[in-house]
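Trainee: Residue strings, one per chain:
Protein chains: 2
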Amino acid sequence: MSLLTVGTVAFDAIETPFGKTDKIIGGSATYISLSASFFYKKLQIVSVVGDDFPQETIQQFHQKGINTDGLQIIKGEKSFFWSGKYHTDMNSRDTLITDLNVLANFNPVLPETYHQPDYLMLGNIDPVLQLRVLDQLKKRPKLIMIDTMNFWMNTAMETLRKVLTQIDILTINDEEARQLSGEYSLYKAARKIVSEMGPRLLIIKKGEHGALLFNNNHQMFYAPGLPLPEVFDPTGAGDTFAGGFIGHIARSGDLHFDNFKRAVVVGSAMASFCVEKFGPERLLSLTEPEINERIQQFVELAHFDMHNSFF
Amino acid sequence: MSLLTVGTVAFDAIETPFGKTDKIIGGSATYISLSASFFYKKLQIVSVVGDDFPQETIQQFHQKGINTDGLQIIKGEKSFFWSGKYHTDMNSRDTLITDLNVLANFNPVLPETYHQPDYLMLGNIDPVLQLRVLDQLKKRPKLIMIDTMNFWMNTAMETLRKVLTQIDILTINDEEARQLSGEYSLYKAARKIVSEMGPRLLIIKKGEHGALLFNNNHQMFYAPGLPLPEVFDPTGAGDTFAGGFIGHIARSGDLHFDNFKRAVVVGSAMASFCVEKFGPERLLSLTEPEINERIQQFVELAHFDMHNSFF
Numbered sequence: 019m020s021l022l023t024v025g026t027v028a029f030d031a032i033e034t035p036f037g038k039t040d041k042i043i044g045g046s047a048t049y050i051s052l053s054a055s056f057f058y059k060k061l062q063i064v065s066v067v068g069d070d071f072p073q074e075t076i077q078q079f080h081q082k083g084i085n086t087d088g089l090q091i092i093k094g095e096k097s098f099f100w101s102g103k104y105h106t107d108m109n110s111r112d113t114l115i116t117d118l119n120v121l122a123n124f125n126p127v128l129p130e131t132y133h134q135p136d137y138l139m140l141g142n143i144d145p146v147l148q149l150r151v152l153d154q155l156k157k158r159p160k161l162i163m164i165d166t167m168n169f170w171m172n173t174a175m176e177t178l179r180k181v182l183t184q185i186d187i188l189t190i191n192d193e194e195a196r197q198l199s200g201e202y203s204l205y206k207a208a209r210k211i212v213s214e215m216g217p218r219l220l221i222i223k224k225g226e227h228g229a230l231l232f233n234n235n236h237q238m239f240y241a242p243g244l245p246l247p248e249v250f251d252p253t254g255a256g257d258t259f260a261g262g263f264i265g266h267i268a269r270s271g272d273l274h275f276d277n278f279k280r281a282v283v284v285g286s287a288m289a290s291f292c293v294e295k296f297g298p299e300r301l302l303s304l305t306e307p308e309i310n311e312r313i314q315q316f317v318e319l320a321h322f323d324m325h326n327s328f329f
Numbered sequence: 019m020s021l022l023t024v025g026t027v028a029f030d031a032i033e034t035p036f037g038k039t040d041k042i043i044g045g046s047a048t049y050i051s052l053s054a055s056f057f058y059k060k061l062q063i064v065s066v067v068g069d070d071f072p073q074e075t076i077q078q079f080h081q082k083g084i085n086t087d088g089l090q091i092i093k094g095e096k097s098f099f100w101s102g103k104y105h106t107d108m109n110s111r112d113t114l115i116t117d118l119n120v121l122a123n124f125n126p127v128l129p130e131t132y133h134q135p136d137y138l139m140l141g142n143i144d145p146v147l148q149l150r151v152l153d154q155l156k157k158r159p160k161l162i163m164i165d166t167m168n169f170w171m172n173t174a175m176e177t178l179r180k181v182l183t184q185i186d187i188l189t190i191n192d193e194e195a196r197q198l199s200g201e202y203s204l205y206k207a208a209r210k211i212v213s214e215m216g217p218r219l220l221i222i223k224k225g226e227h228g229a230l231l232f233n234n235n236h237q238m239f240y241a242p243g244l245p246l247p248e249v250f251d252p253t254g255a256g257d258t259f260a261g262g263f264i265g266h267i268a269r270s271g272d273l274h275f276d277n278f279k280r281a282v283v284v285g286s287a288m289a290s291f292c293v294e295k296f297g298p299e300r301l302l303s304l305t306e307p308e309i310n311e312r313i314q315q316f317v318e319l320a321h322f323d324m325h326n327s328f329f
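Residue numbers (my numbering), protein chains in the order written: chain B, 19 to 329; chain A, 19 to 329.
Incorrect hints may appear among the rest.
Treat identical chains as interchangeable: a pair holds within one or across any two.
[Claimed, not checked] Here are the simulated lysine-lysine pairs, DSSO-like style, with alpha carbons at most 30 Å apart:
#1 180 x 160
#2 93 x 160
#3 157 x 41
#4 210 x 96
#5 210 x 295
The set of hints was computed from the structure by calculation and includes no laboratory data.
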């Protein structure tokens, strides 16, 4: 039993209206795995870093139940580095620096013990690499989920389409759903993606507006976004959502639509913590009682009873 | 027992990516009253039109249970006319024509029989006029709800603030909540409005992203927006929401927070119909079974059960 995550492990430098950081730990696989680790302990990670990456962080991964046999450490090279600055609305940002470094030649190789994961999460990387991971599997996982973005739709759509035919769940934002499907209506976009393009489930992440879940059986679910007193740093929120989602699924082993709905709420709760501090800082201090309390807030936020309100 | 609505009754000419209309019936009081009429039949309306306004429409109002003793018909003058064009995303629009006509000198006068409404809905008009309506009341209604917009915040903030101290519920959109409170975070904006500015309830309308409800007792509710195959014309959706909301409240007579949550869902369901056709067309053909079915769709869209998902 295992949950394998493939994505980036990296350094970020972040500036928001609330402050700025030096180089801190980031990367999609980092956020996904840290978030999932609250729910599931058989975690595996495939990624690449340089020898500038701190040994303490790798130790932290181990303490969280994240096996790092698949984390390549390239001697004499530097880790992937991204720097960005968020605008006042926190919904848009400028990329200041993208130093690919070790990521430029990343070839995801699954160690022998990684060939049969039960759950597979492919973070937002080049679809060519996502395809290479899929090719190394010895057994079809119970669930394959991927994240991607508009950049890959613009530069590698054909490969991305190939990836989509082999997976179960796609997570993207609303603009990406429109671009991928060619449909402006999110309803139509989602119907097209889940009935024609491969994934049987689609999650549309809408940031502060919540998340939509669609399946290929005409079912829909809308999890609200929890209004927060402060959004400090949105970096990693989408990955933290994905980690909470698939961590909950792996923990429960339940692949029914009702449980996918719960997983969306769990993912939303985890993402709502992520944005409260810079980088993955909040995830590192998080406790189970805090998660329970936050999930309860989502329950109260969304619950209504239409008793006596029909004609 | 009555629900009094004050607002505009007017002509609109609308252009959307799906088509355009000639002059059709519009106005905030029209949408609010038509929407409320499905839930409550003791409706009163205070507004003004010219003698170009069709007698058939006034007959339709009567058939829907809307008393028009407060609808001033000004001989020899024209009704308020607005013309606008929506952009592809349907979230923004250009105003092409605003002919105030009779609205320029509108003085809302409540007929004797309108002086003690149980429920009062003040549509989006000049706060000076909203204040004049409040001044004519002989008895405090059980509930006073108002709509307003950024235009009045820019031009008549002091008067608007006076109105706010006398009402129960304010409905605005997210940008307006930010402008009114001076807070970017909707959470903080809402807290400030419901604890310091007068209304004890705030509804933040987020269009396709749903609606948020806050009270002055730290309770929050987020009703999702139903993803629709097509949004044909958003004109009147906010007013239709308000009409469904206060219509449901008037019908039930229940002023508890749980019932305000239901009212938000009813309002959202009504608004989701409104956008399916041009102007109030869909509201005029709507049936009770259709409303029941739509509300059930909202229940299914938002429902989840976190059973077994806590630590």
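Trainee: Confirm or reject each hint.
Mentor: A quick look at each hint next to the structure:
1. 180 x 160: Classified as within; 19 Å inside a copy, 60 Å across copies.
2. 93 x 160: neither (35 Å within a copy, 73 Å between copies)
3. 157 x 41: Intra 38 Å, inter 64 Å, cutoff 30 Å: neither.
4. 210 x 96: Cα proximity of residue 210 and residue 96: none, with 41 Å in one copy and 48 Å across.
5. 210 x 295: So residue 210 and residue 295 pass the 30 Å test across copies only (23 Å; inside, 37 Å).
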